[in-house]
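Model the full structure from these sequences, guided by the hints.
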Amino acid sequence: MNRLVRRGAAVAVGVVCLGGSAWAETPPESPVERGRALVNGIVACGNCHTPQGPNGPVAGRELAGGTPFVEEPFTAYASNITPDPETGVGRWTDEQLIAAIREGKRPDGGLIGPPMPFGFYRGLSDGDLRAIVAYLRSVPPVRHSVPKSEYRMALPAAYGPPVGSVAEVPRTDPVTYGAYMAGPLGHCMECHTPMLPDGRLDMTRMGAGGRNFTGPWGNAVSRNITQDKEHGLGGWTDAEIRKAITDGVRPDGNRLSPPMGYHYYKSMSDGELGALVAYLRTLPPTR
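Those letters in the sequence shown? Residues -24 to -1, 1 to 263, by mature numbering (1 follows the signal peptide of the UniProt record, and there is no 0).
Mixed in with the good hints, there may be bad ones.
[Said to hold, decoys possible] Taking CB as the label site, the calculated pair distances span:
no. : residue 1 : residue 2 : range
1   : R119      : G86       : 18 to 26 angstroms
2   : R226      : P260      : 21 to 29 angstroms
3   : D214      : L87       : 37 to 45 angstroms
[What the hints assert, rightly or not] Below, a list of computed lysine-lysine pairs in the DSS-like style, where the Cα atoms sit at most 27 angstroms apart:
no. : residue 1 : residue 2
4   : K81       : K124
5   : K242      : K219
6   : K219      : K205
7   : K242      : K205
Rather than coming from a laboratory, the hints here were simulated on the basis of the structure.
As the structure is a prediction and not an experimental result, all values here were calculated from the model.
Every residue gets a Cβ at the ideal spot worked out from N, C-alpha and C, and that includes glycine.
Structural data, given as structure tokens:
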């Protein structure tokens, strides 16, 4: 998570109050460790970029790409983001990777299309983004060619103006940090917000769910995660929300289906989960 002091400090501790208890954690000691925690945790890059089987990520193919995403406006394939120089990102510079993640720009000037959540990734802090890049450099290269994505919609010239420096988000307020986790880091709203016919998210119904996701698991529909008591999480306890996020189990005992990334989210700390739940409690009831 975001530091309240620079990485170079011997010890850095973030503190946040959650229900009267203090959240105090020592961040990882290196950018690679921080990146590993993000990529294999709340950011869950492998949930799209690792080939998926009926029960989740395919072992031994971390971040090798190829997962198809079929929507009315596009048929997209997740890229190979391992350091393989031929089929992955091994020849990309750090700055090129940063531009690709934050702004959707390829080294050749082309634009990466959805479902890569650039609207959220533009808010990734400088430290977290460089940590992610550092970790991507460390994973084993996997040679795996991925089909070219096809778009039946017009892509914009850019997803916005160039992103400058983005400050770290302190953990002193759980709702603020939970919003950062659900937005730029975890991009929860990318799946849990309905899509308009032109491929944009309907942010007037943020968190209302209803998106269809087809894959090796069959067809899954994203849940309403607003505070609506009938269709959303308004009637769930905090513990029930945590269990759904980390174990993929609903209050009635039924299991959630991929692509819900509970395989990754279970590595989140109690403090992180508390902040995320605190933020979800602020979402107004929406159907």
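If you check each hint against the structure, which ones fail? Nothing - there is no hint that the structure violates, so all of them hold.
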